[in-house]
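Just so you know, we're using my numbering here: the sequence shown kicks off at 8 and counts up by one.
Hints were generated in silico from the structure; no laboratory data involved. One thing to keep in mind: the hints can contain errors.
[To be verified] Simulated restraints, written as ranges between beta carbons of each label pair:
| hint | residue 1 | residue 2 | range |
| --- | --- | --- | --- |
| 1 | 109 | 165 | 39 to 45 Å |
| 2 | 112 | 89 | 29 to 35 Å |
| 3 | 71 | 111 | 39 to 45 Å |
| 4 | 197 | 108 | 42 to 48 Å |
| 5 | 193 | 39 | 18 to 24 Å |
[What the hints assert, rightly or not] Pairs of lysine-lysine, DSSO-like flavour, derived with a Cα cap of 30 Å:
| hint | residue 1 | residue 2 |
| --- | --- | --- |
| 6 | 206 | 216 |
| 7 | 28 | 165 |
| 8 | 41 | 168 |
| 9 | 168 | 158 |
| 10 | 168 | 218 |
| 11 | 41 | 206 |
| 12 | 216 | 151 |
| 13 | 158 | 121 |
| 14 | 185 | 124 |
| 15 | 178 | 124 |
Glycine included, every Cβ here is placed at the ideal spot set by N, Cα and C.
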Amino acid sequence: MAKYLGLFALLMMSSVANAYKVQPMVAEITPIGKGSQMTMRIDNTSQQPLTVEFIPLSMSMDEMGNETTKPADDDLLVIPVTAIIPPGRSQSVMVRYLGNPSISQSQSYRIAVKQVKVERADTDETASIGVLMQFNTLLNVRPKNTNPAMKVERVEQKDGKWLVEITNDGKSYGRLSKTNWRITDHNQSLFLPGSDISKFLAGTLVLPKSKRIFVMQPPEGFDAQSTSIEIENID
């Protein structure tokens, strides 16, 4: 469910730009020390007061990129929990990691930022509350001296697309946007920088000690059966 909410927020970003903005959408902190906390900023760019609430969630992901989330109040402290932001003003939100300081590999979280509408009638009736919009920011807690180790295990053709299986044997999450690809078959070779990866596939996150299968638009002229892909981690 969180995956679709996050995707919907991304697709609707242009239309909600006049309502509010969340920064940063992706962040990294350490499990201990000064780097174990961060600050988010919510900008109310609308002409009306904005009510939002903040919910910390732990996140796991299956090989197709489908996310499972659950409450993570024991791992993350978020202050404030709710905020009412006047028109044209901003709200700073502090996020601090309170979980196990000795984790051996990175852990991923979502901070759900929910816009809430409160309609107060002129009578004594109870106000009605409904969620209008939700952003799911990505927060990675990464221990020092941990790195991703991603490689392509196989490439298959299906329904005109490629299925690219990528494993991450490292102790840190990896992002394909932080890699360079060398795509090679018998006749040609293509260098694909991380900045261009999103033109061929959706999603870039690979959690530590896991694998992902990405649906990829094949580069023109390449055959999956004879193609190999080498990944260079540049993070």
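Verification of the hints:
1. 109 to 165: 39 to 45 Å: With a Cβ separation near 42 Å, residue 109 and residue 165 satisfy 39 to 45 Å, so the hint holds.
2. 112 to 89: 29 to 35 Å: The hint (29 to 35 Å, Cβ to Cβ) holds, given that residue 112 and residue 89 are roughly 32 Å apart.
3. 71 to 111: 39 to 45 Å: Violated, at about 26 Å.
4. 197 to 108: 42 to 48 Å: holds (43 Å)
5. 193 to 39: 18 to 24 Å: Given a distance of about 50 Å, which is not inside 18 to 24 Å, the answer is violated.
6. 206 to 216: holds (26 Å)
7. 28 to 165: The hint is violated at about 38 Å.
8. 41 to 168: Given pair residue 41, residue 168 is violated - Cα atoms ~45 Å apart, limit 30 Å.
9. 168 to 158: The given pair, whose Cα atoms are some 19 Å apart, holds under the 30 Å limit.
10. 168 to 218: holds (19 Å)
11. 41 to 206: Judged against 30 Å, a Cα distance of about 37 Å means the pair is violated.
12. 216 to 151: holds (17 Å)
13. 158 to 121: Between residue 158 and residue 121 the Cα gap is close to 36 Å, so the pair fails against 30 Å, i.e. violated.
14. 185 to 124: violated (38 Å)
15. 178 to 124: violated (41 Å)
The structure shown violates the earlier hints numbered 3, 5, 7, 8, 11, 13, 14, 15.
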